Amino acid sequence: EAGVTQSPTHLIKTRGQQATLRCSPISGHTSVYWYQQALGLGLQFLLWYDEGEERNRGNFPPRFSGRQFPNYSSELNVNALELEDSALYLCASSPLRQGKFSGSPLHFGNGTRLTVT
Amino acid sequence: GQQLNQSPQSMFIQEGEDVSMNCTSSSIFNTWLWYKQDPGEGPVLLIALYKAGELTSNGRLTAQFGITRKDSFLNISASIPSDVGIYFCAGHSGGSNYKLTFGKGTLLTVNP
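Chains as they are written, first to last, in this note's numbering: chain A, 1 to 117; chain B, 1001 to 1112.
Don't read these hints as lab results, they were simulated from the structure.
Predicted model only: the values in this text are computed from it and were never measured.
Keep in mind that the hints are not guaranteed to be accurate.
Chain A residues, not near chain B, derived (Cβ > 12 Å throughout) [to be verified]:
hint, residue
1, Gln-17
2, Leu-83
3, His-107
Among the chain A residues that face chain B by a calculated CB cut under 10 Å, a handful are [stated by the list, open to error]:
hint, residue
4, Thr-9
5, Leu-88
6, Gly-109
Yeah, the Cβ is synthetic: ideal placement off N, Cα and C, and Gly gets one too.
Start from the sequences, fold in the hints, and give me the full structure.
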């Protein structure tokens, strides 16, 4: 079974630009989650998508946005990049039962390392 | 918001030693998860706990869901060099509104 795949693995942008990160969940998983892992700060929850809809978002500004496609893959967009956006962005997927998050363990990809200069 | 305190922040041990790390929460969780992250990779699920008091093993790893539902611990027995990495706890408070909170991680270094 193929795991969660993310692309690109590395991305270098300059301040003010936009970044687009992509994620393909495990086959059969309908939920996709995005996390930011900045150095020394652990994993910070960004966004949760399920069945094409944004279900929840963490404490991040609106310039962090995304979408989920009919095939359940997802895109994270970061507009007006700032230096402090430099981090590892992790995508995870899980199956949902009856539309509710039941604590099914998240399966993570290897992340996209975003560097903003 | 919910807070997870994970300790210790880092550990330096000799190969063969046992390791213990824990997480405590200010609120009740219905699910506790333990992940390990190797350098350059995403976190990998080690153990999932769904019931208060539950004790689950995965090879040399053992984790417990605290009876108060506000804490969990992970033990690693007879550590080996490949145990090196960052260990994260994560908790979910239940319900349909997604809330999976991660601890800040324990960095484990094993000296051969």
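To test your reading of the hints: which numbers does this structure violate?
Per hint list: single violation, 3.
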